[in-house]
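Participant: Same order as they appear, the protein sequences are chains Z and P. According to my numbering, the first sequence holds residues 97 to 367 in order. According to my numbering, the second sequence holds residues 21 to 454 in order.
Derived by calculation from the structure, the hints in this document are not laboratory data. Note that the structure is predicted; figures quoted are calculated from it, not measured. Mixed in with the good hints there might be a few duds.
As the list claims (entries may be wrong) - Computed footprint of chain P on chain Z, listed as stretches where at least three residues anywhere in the stretch have a Cβ under 8 Å from a Cβ of chain P:
| hint | segment |
| --- | --- |
| 1 | 130 to 142 |
| 2 | 198 to 210 |
Unchecked claim - Straight line, CA to CA, 25 Å or less: simulated SDA-like cross-link-like pairs of lysine to any residue:
| hint | chain 1 | residue 1 | chain 2 | residue 2 |
| --- | --- | --- | --- | --- |
| 3 | Z | Lys130 | P | Arg124 |
| 4 | P | Lys161 | P | Leu280 |
| 5 | Z | Lys130 | P | Thr205 |
| 6 | Z | Lys130 | Z | Val167 |
| 7 | P | Lys161 | P | Arg359 |
| 8 | Z | Lys130 | P | Thr123 |
| 9 | P | Lys161 | P | Leu109 |
| 10 | Z | Lys130 | Z | Glu187 |
| 11 | P | Lys333 | P | Ala346 |
| 12 | Z | Lys130 | P | Ser126 |
| 13 | Z | Lys130 | Z | Val142 |
| 14 | P | Lys161 | P | Ile113 |
| 15 | P | Lys333 | P | Arg359 |
| 16 | Z | Lys130 | P | Leu284 |
| 17 | P | Lys333 | P | Ser449 |
| 18 | Z | Lys130 | Z | Arg186 |
| 19 | Z | Lys130 | P | Val121 |
| 20 | P | Lys161 | P | Leu95 |
| 21 | P | Lys161 | P | Pro287 |
| 22 | Z | Lys130 | Z | Pro151 |
| 23 | P | Lys333 | P | Thr374 |
| 24 | P | Lys333 | P | Gly376 |
| 25 | Z | Lys130 | Z | Leu177 |
| 26 | Z | Lys130 | P | Trp125 |
| 27 | Z | Lys130 | P | Val128 |
| 28 | P | Lys333 | P | Pro446 |
| 29 | P | Lys333 | P | Arg323 |
| 30 | Z | Lys130 | P | Val122 |
| 31 | P | Lys333 | P | Glu430 |
| 32 | Z | Lys130 | P | Arg359 |
Claimed, not checked - Anything over 10 Å on all C-beta distances counts as not near chain P; from chain Z, calculated:
| hint | residue |
| --- | --- |
| 33 | Ser121 |
| 34 | Phe329 |
| 35 | Ala332 |
| 36 | Ala339 |
Beta carbons: idealized from backbone N, C-alpha and C, even for Gly.
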Amino acid sequence: MTGSRAFAAAAERTRAGGVPALEVSGLTVSYQEKPVLRYVSVAVPVGHLVAVVGPNGAGKSTLLKAILGLVRADSGAIRVLGQPVDAARREIAYVPQTDSADWDFPVTVREVVLMGRYRALGWLGRPRRHDHALVDDALRTVDMSDFADRHIRQLSGGQQQRVFLARALAQEARVLLLDEPLAGVDARTEQAIFELMDAFAAAGKTLVVVNHNLQILERFSAVLLLNQSVVAFGPAREVVTEANLRRLYGGRMSFVDEAERVLREGPSDVR
Amino acid sequence: MCVDVVLLAQAAADLITWQERLLSPWIDHRLQLACSILIGAVLGLLGCFVVLRRMALIGDAISHAVLPGVVIAFLLLSTGVAGLFAGALVAGIVTAVAINVVTRWSRVQEDSAIGIVFTAMFAVGIILISRLPAGAHFDLKCFLFGDPLAVQRSDLISVLVIAPLAVALVVLLFHPLKLMCFDATLARTMGFNVTVLHYLLMTLLAGTIVAALRSVGVIMAVAMLITPAACAYQLTNRLWCMLLVAALVGALSAGAGMFLAFQLNDPPGPIMVLVATAFFACAILFAPQRGVLTTWRRRRQIRAHIADEDVLKALARLEERGARAADLPAALAPTPHGRITAALRRLAQDGLLTGGLPQPELTERGRQRALEMLRAHRLWETYLAEQSVAREHWHDEAERLEHAHQVAEELAETLGQPQTDPDGHPIPSQLPES
């Protein structure tokens, strides 16, 4: 069951009283008084693989950061599995872009995956047998067991991505936020990553994936078109229309931008 | 006989003075030595986090910026070590916070913010020194460069307090520290308070630098913070191992530096730093995986491997055409003669051919290897064609890539074991390992 039927069914379950995996309502976030996200409201039902699409500077990464509690929202509320972010931290796993990591850091593949357990261990906890077993399982799932004791510098781009997915898996979170996991990987790796993400979704996890490639939106069960605010959200085949894409890559809310610039700096003819 | 005894006695006496000269620093200055060695170890340990988080500049900043705190404490509390500590700690923390505030509230990046804050703090310290009341003497030179011989029991006590604290922090918070250094954002998403951890580390750093002031001085303290850690970073791929090695190199540099300084009659601080630098230079040159020497040797091996295979292939081609093996140098031109004979010698050693110039002859195994290379070459051409690389590049690229045999076999797997290359030439099948 994929695409619009699955989405409709899940949305129906949500309406019928099921708690959405992710509920963002009226979210506005600014950097240095410049709004990056405006009035964003979205409810993602459990078990979906959602693509977040939009031009550069559309606020895709900011949306992830807001959900993770890394940036402060001006207004709006975020609930993860019905709870505020701080209470739901153990349910959220973040998969950063691979090129943001320091691949020269002195750790092995296994140690990076073990970091997924740190949240559960807390400040002073030591990894136990249970944690190591979870790490082994995660490595097996992403087919990286043979690389467990290698240093992370020896990995290819696709392998780096799989290690990060294994870490998210070891975290045992139900909501995964992935920042461009498909950037710069070859077709075979892309296929492998999709298979993993599908398996996660089938196991009841919810995945929100920042994505640049418009060609592969059909592979997601839902698509969020975002450009500062929500352009459209729903099953790919309903949402990815030419009209929507024109709105997505066309103008932003330029009048609101202009008005806010005036409110910030004063009208240009005054200066 | 009598002369012999006198000579013997003389020799014994020489030996004793020599021994005394070697040992006396360890005995007379055991306090100072112990203090320096401990400081070296702790600075090396904490330095790992500074190096991994690319905060070398912050270490520099904090060490300089403790000056006003030390001077004020000196003014108010005269000489008490505890007061000095408190003053320096407060100054260190003020610096760390000020750097954060400047970075956050201006468009200036962190490196510039560090430059602004620590020079300002240092300037305040120097002005305070010039305004000290008559009679009070603050030794700026000692602050900057240290004076290990002036180390007193109170200094050792402060080191004995700070060292276990540092070790305890690193051992207890090993995992959160590792996570923060590897990916601070990820640590934050997991609910770790990275800011608290950062200031905890900075406070400990400021404390250690104050404890190190008399032994090595601020400028040398920065070197002892960065150099042993950088040395360890070069040598290992595991964090715990890096921490151990850095502490060891720090301790060794301090101990050996102090000892050498006594022998050479030089100031100890700079000698310690130079010993640490020598360790670092050795690590760069001789590190097992990343060392200059290893890299150089590996490259040489690969070059030899390629040269050998090229000679082998040329021989096989000559044989195929029924040409004389003596034409080998002409076939391989412009490869220098010396390189060809060296390759022939290595190939003969490996049992791939017999005899040398002018009549080398391939053995059965040699022929097999040449066939494997032809296979690799044609597999690469097939792959490049499939990747829609322009035709005129196939051959040269394949010439280069064919030397990586393992990859060629993976290639064959992916391509579905093709039988012919894009020009229709047969691809020799993989031969059983003999």
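Participant: Taking the hints in turn, state whether each one holds.
Facilitator: Against the structure, the hints come out as follows:
Interface restraint, the segment 130 to 142 of chain Z with chain P: violated (0 residues with C-beta to C-beta distance below 8 Å; minimum three). Proximity of the segment 198 to 210 of chain Z to chain P, defined as three or more residues with a beta carbon under 8 Å from a beta carbon of that chain, is established by the 7 residues found. The hinted pair formed by Lys130/Z and Arg124/P meets the criterion: a straight-line CA distance of about 16 Å does not exceed 25 Å. Annotation: proposed proximity of Lys161/P to Leu280/P holds, straight-line Cα distance about 22 Å (limit 25 Å).
About 22 Å separates the Cα atoms of Lys130/Z and Thr205/P, which keeps this hinted pair within 25 Å; it holds. For the proposed pair Lys130/Z and Val167/Z, the alpha carbon gap of about 13 Å is at most 25 Å, so the pair holds. For the hint linking Lys161/P to Arg359/P, the alpha-carbon distance of about 60 Å lies beyond 25 Å, and the restraint is violated. A distance of roughly 18 Å separates the Cα atoms of Lys130/Z and Thr123/P; the hinted pair therefore holds under the 25 Å criterion.
A threshold of 25 Å between alpha carbons decides the hint, and for Lys161/P with Leu109/P the separation of about 20 Å falls inside it, so the pair holds. With a C-alpha separation of about 31 Å, the suggested pair Lys130/Z and Glu187/Z falls outside the 25 Å cut-off, and the hint is violated. Only pairs whose Cα atoms come within 25 Å are accepted, and Lys333/P paired with Ala346/P is accepted, the gap being roughly 15 Å. Proximity of Lys130/Z to Ser126/P is assessed by CA-CA distance (about 16 Å); at most 25 Å being required, the pair is judged to hold.
With a C-alpha separation of about 32 Å, the suggested pairing of Lys130/Z with Val142/Z is violated against the 25 Å cut-off. A threshold of 25 Å between alpha carbons decides the hint, and for Lys161/P with Ile113/P the separation of about 23 Å falls inside it, so the pair holds. The straight-line distance between the Cα atoms of Lys333/P and Arg359/P is roughly 15 Å, inside the 25 Å bound, and the hint therefore holds. Among the hinted pairs, Lys130/Z with Leu284/P is inconsistent with the structure: their alpha-carbon atoms are about 63 Å apart, more than 25 Å.
Under the criterion of a C-alpha separation no larger than 25 Å, the hint pairing Lys333/P with Ser449/P is consistent with the structure, at around 17 Å. Restraint check for Lys130/Z and Arg186/Z: not satisfied, since their Cα atoms lie roughly 31 Å apart, outside the 25 Å limit. Proximity of Lys130/Z to Val121/P is assessed by CA-CA distance (about 20 Å); at most 25 Å being required, the pair is judged to hold. Using a Cα cut-off of 25 Å, the hinted pair Lys161/P and Leu95/P holds, with the two alpha carbons roughly 18 Å apart.
In summary, the hint linking Lys161/P to Pro287/P is supported, as the alpha carbons are separated by about 13 Å, within the 25 Å threshold. Only pairs whose Cα atoms come within 25 Å are accepted, and Lys130/Z paired with Pro151/Z is accepted, the gap being roughly 17 Å. A threshold of 25 Å between alpha carbons decides the hint, and for Lys333/P with Thr374/P the separation of about 15 Å falls inside it, so the pair holds. Distance check on the hinted pair: Lys333/P and Gly376/P sit about 16 Å apart at the alpha-carbon level, within 25 Å; holds.
For the hint linking Lys130/Z to Leu177/Z, the alpha-carbon distance of about 30 Å lies beyond 25 Å, and the restraint is violated. Among the hinted pairs, Lys130/Z with Trp125/P is consistent with the structure: their alpha-carbon atoms are about 15 Å apart, no more than 25 Å. Taken as a hint, the Lys130/Z and Val128/P pair is honoured in the structure, with Cα atoms around 18 Å apart against an allowance of 25 Å. Proposed proximity of Lys333/P and Pro446/P is supported: the alpha carbons are some 17 Å apart, at most 25 Å.
Distance restraint check for Lys333/P and Arg323/P: the Cα-Cα separation of roughly 15 Å lies within the 25 Å cut-off, and the hinted pair is therefore satisfied. For the proposed pair Lys130/Z and Val122/P, the alpha carbon gap of about 20 Å is at most 25 Å, so the pair holds. Our distance criterion of 25 Å between C-alpha atoms is met by Lys333/P and Glu430/P, whose separation comes to about 22 Å. As the CA atoms of Lys130/Z and Arg359/P are separated by approximately 66 Å, the hinted pair breaks the 25 Å bound.
Even its closest Cβ contact with chain P, about 21 Å, leaves Ser121/Z beyond 10 Å, as expected for a residue assigned away from the interface. For Phe329/Z, the non-interface assignment is confirmed: its Cβ lies about 24 Å from the closest Cβ of chain P, beyond the 10 Å cut-off. Distance to chain P confirms Ala332/Z as a non-interface residue, since its nearest Cβ pair spans about 28 Å, more than 10 Å. At roughly 35 Å, the least C-beta separation between Ala339/Z and chain P is larger than 10 Å, which holds for a residue marked as non-interface.
Hints 1, 7, 10, 13, 16, 18, 25 and 32, counting from the list given before, are not met by this structure.
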